[in-house]
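> If you read the sequences in order, they're chains A and B.
The first sequence begins at 1 in this note's numbering and counts up one residue at a time.
The second sequence begins at 1 in this note's numbering and counts up one residue at a time.
Just so you know, the hints here were simulated from the structure itself, not pulled from any lab data.
Treat the hints with caution; some may be incorrect.
[What the hints assert, rightly or not] Simulated pairs of lysine-lysine, DSBU-like, Cα-Cα distance not exceeding 35 Å:
id, chain 1, residue 1, chain 2, residue 2
1, A, K245, B, K68
2, B, K136, A, K256
3, A, K252, B, K68
4, A, K252, B, K71
5, B, K15, A, K251
6, A, K251, B, K136
7, B, K15, A, K245
8, A, K121, A, K154
9, B, K71, A, K245
10, B, K15, B, K71
11, B, K15, A, K252
12, A, K256, B, K15
13, B, K68, A, K256
14, B, K71, A, K251
15, A, K217, A, K112
16, A, K252, B, K136
17, A, K184, A, K32
18, A, K73, A, K112
19, A, K112, A, K154
20, B, K68, A, K251
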Amino acid sequence: MKAQINRHLLNQTRFDSGALTPAGFVVHPYHKPGRYQADVSRNGQHHYSFYILVTPDSSEMQISVDLAVLNDKLKSPAGDCGCGDSGDSMQLAPGGYGLFYSAADSGAYSLKTFPITATEKERDQVFDSTALQADDMFGITLLRPGYYAMRDIKQNLQCRLHVDPVRPGKERYTPPDAIHLEAKDLKNGKSEIRLMQAQGLVYRSHADARIVIELEKPIEVEDSGAFSSTSAPKVKPKTKTEKRKPVASWKKPGIKR
Amino acid sequence: MAHLTVASSEGAVSKLFAGLRDNFSINEADSVDAGPFTAGYEVAFHLEGGSVDLRNDGSILISELDIKWDKLRLYAGIDIPELCIGGFCIIPSPWGCILRAPRICIFEADPDIGIDLNLNGLLTSEISLAARPVLKYFVDPARPAGMSWLDAEDSNLANQWQLFIDPDWLDIDIFDWSDIVGDLLDDAINSAVDDLLWFLPGWAKSLIKAILGPVVDLVRTILDIGDDIEEWLSDLLGVSLGLFDFITTAVADYFAARYPLLEIEDPFPVMGYQNGLIPIKLPIRDLAVAIDDSEMVLTANVGATL
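The shape of chain A in the complex, shown without the other chains (with noise of 0.2 Å):
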C-alpha cells in the first residue's frame, strides 16, 4: 500500500498572492502582443526567468505554468517546457490569460512579467504578483475547514471567510462553484464569506491589491469512520437443494455422462 500525499497542499494555513504555495494562483491578462520576460522569485530572491510570446498567431488563451517545476523542465535537456515554435517562449494570444501556480513544493513564489523592451521604470509598470492590478486575479482553494482572515494588505481591507467542513454522503462530493470576490467585497471584517472545503475563491483587483489569507481558528472534523455503498453488493441466498451448474467440471476426455 503506497500513499504519496502532497503535504504541502494539506498543511498549509497561510496563503498570499505574492508568495503562491499550493492552492494559490495568480492570473494576469496580456493584451498587448509582444516579447514578455517572466522573473520568478522564490522567497524574495531571484530564482529564474522565462518568456511569454503574446502573438496573434497564437490561439492559447491560456497558459498555465506551475512555477515549481517549470525551472527544472527549463533545465532538463529535453526542455519540455511547452513553449512554442520560439523556442524558448510559451505563446498566448493577445488578450489571452497566464495563470501561474505552485503546485509541488512549499512555494513562496512571485513573480514579474514586463515585456522585453521595457525600460527600467516601465518595468514597474507591468504585472507583479505582489502587487496585482486592475483586472489581476488571486484565486485560491481552501482546504481546511475553519475562519480564516482575507485581507488585502496594500488596502487595509479585510473580511473573514468560514470554510465548512464537508462529510462524506451517499454521493461522491463536488464542490459549489467558486466564489468571484472584488474589493468591496472586502469590507473591514463585517462580512463574511462562506465557502466549503475545496470551493474555489477568486478576488479580483481593482487596484493595487496583495491578499493574504490565514488560518485564525480551524474547525475540528473528527474522521467520519466507516461508511457503507448506496447501494452494496449482498449475497442472494440459495438453498443446497437448488440445482445448479456446477462451478467448475472435469471430465475425462471421451467420457460420457
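Since the structure of chain A is already known, use the hints to place chain B on it.
Chain B alone, transformed into the frame defined by chain A:
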C-alpha cells in the same frame, strides 16, 4: 474360477474411501494481474464427508464430499483514481471555459489499496465425482533389481497391488456464500482506505472520503462487482484465478494416481516369522476388480512361483 475372491460391501468401500479422503490436503497460493486490479488467493483445505454409491456400470459415485476450507483468503490490489482539487472555471463563456484554475492532486502518484477478504468459514462447497477402479502394480523404485522377496519384506520394500479410483468426471459445487460476505467486503474496503489515510488529520480524511464518494461503490466499480457478490467471488476465484480448476485437477490426480484406495502386498503375507521359520507368503497373480450396485469384488490367482 479364481483362487481367491474378496468381496467388500458398500459400507466397507466407504470406510476404505474415508482413509483415502482423510489423507488429502492442499495448501496453495496464486495471484494474477486482472487488468484494473491484481488479485490473489491463499487457500488450504481438506475433505470431509462424502457418500459412496456403488453402481452397476462398474463405477463408484461419490457425492457430497465437502471441501473444508482451513484457509481461504482472497486479496485484491487496486489503484484508486487520482484525487485532485481545483480545476474550476474562472471565466465561463457560451463557447466554453475561457480561463480555468489549475488542478492540483492530493496524491503525488495514484495510490493503491489492498483489500483483504478472509472468506474462511463463509463458503459451503462440495465435490462430486464418478470413478472407476484401476489396478496398478507398484514396484518400489528403491528396491534393487534382483532383491529377493524375503529381503524386500525385511527392508519394507515389498511390491504392492494398488487399487486406485480413477475419476471419469468431477464437479465442484458452491452452494452458499454466507450472507455476511457483503458486510465483510464493506469492512475490508473501509479498512483499506483507513490504512491508506491513517496519517492524515480527521478533516483531510473526511474530505478525501467525500471526494472519493461512497468508497464501496467506487471499489465495486473498479473490481467490476455486479449486483451479486457471490457471482463475482465465484467468477474471480474460478475464472480469473483458476482456483476451482486447480482443485478439480488436484483432487482427480490424487484419487487417480497419488493415493490408492487399497494396497495388497505381493506376495501376500499369510504367516510371519515363527519358530525360526521364514514367513509364509502367497504370490498374487491376475488380480481383478469388479463393481456392481451392492459390492466390490476382488479376484486373484495364487502364483506358482515367487
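> Each hint needs a verdict: does it hold in this structure or not?
For each hint, the structure was consulted:
As the CA atoms of A/K245 and B/K68 are separated by approximately 20 Å, the hinted pair is consistent with the 35 Å bound. A distance of roughly 24 Å separates the Cα atoms of B/K136 and A/K256; the hinted pair therefore holds under the 35 Å criterion. Pair hint A/K252 plus B/K68 holds up; C-alpha atoms about 25 Å apart against a cutoff of 35 Å. With a CA separation close to 29 Å, the supplied pair A/K252 and B/K71 stays within the 35 Å bound.
Straight-line distance between C-alpha atoms of B/K15 and A/K251 comes to about 26 Å, which keeps the hinted pair within the 35 Å bound. Restraint check: the Cα-Cα separation between A/K251 and B/K136 comes to about 21 Å, which is no more than 35 Å; the hinted pair holds. Pair hint B/K15 plus A/K245 holds up; C-alpha atoms about 30 Å apart against a cutoff of 35 Å. The straight-line distance between the Cα atoms of A/K121 and A/K154 is roughly 21 Å, inside the 35 Å bound, and the hint therefore holds.
The straight-line distance between the Cα atoms of B/K71 and A/K245 is roughly 25 Å, inside the 35 Å bound, and the hint therefore holds. With a C-alpha separation of about 27 Å, the suggested pair B/K15 and B/K71 falls inside the 35 Å cut-off, and the hint holds. A threshold of 35 Å between alpha carbons decides the hint, and for B/K15 with A/K252 the separation of about 26 Å falls inside it, so the pair holds. Between the alpha carbons of A/K256 and B/K15 the distance comes to roughly 28 Å, so the proposed pair stays at or under 35 Å and holds.
A C-alpha spacing of about 29 Å is found between B/K68 and A/K256, which places the hinted pair at or below 35 Å, so the restraint holds. Proposed proximity of B/K71 and A/K251 is supported: the alpha carbons are some 27 Å apart, at most 35 Å. About 33 Å separates the Cα atoms of A/K217 and A/K112, which keeps this hinted pair within 35 Å; it holds. Restraint check for A/K252 and B/K136: satisfied, since their Cα atoms lie roughly 19 Å apart, inside the 35 Å limit.
Distance check on the hinted pair: A/K184 and A/K32 sit about 28 Å apart at the alpha-carbon level, within 35 Å; holds. Proposed proximity of A/K73 and A/K112 is supported: the alpha carbons are some 20 Å apart, at most 35 Å. For the hint linking A/K112 to A/K154, the alpha-carbon distance of about 17 Å falls within 35 Å, and the restraint holds. Between B/K68 and A/K251 the CA atoms are separated by roughly 23 Å; this keeps the pair inside 35 Å, and the hint holds.
Violated hints: none; the structure is consistent with every hint.
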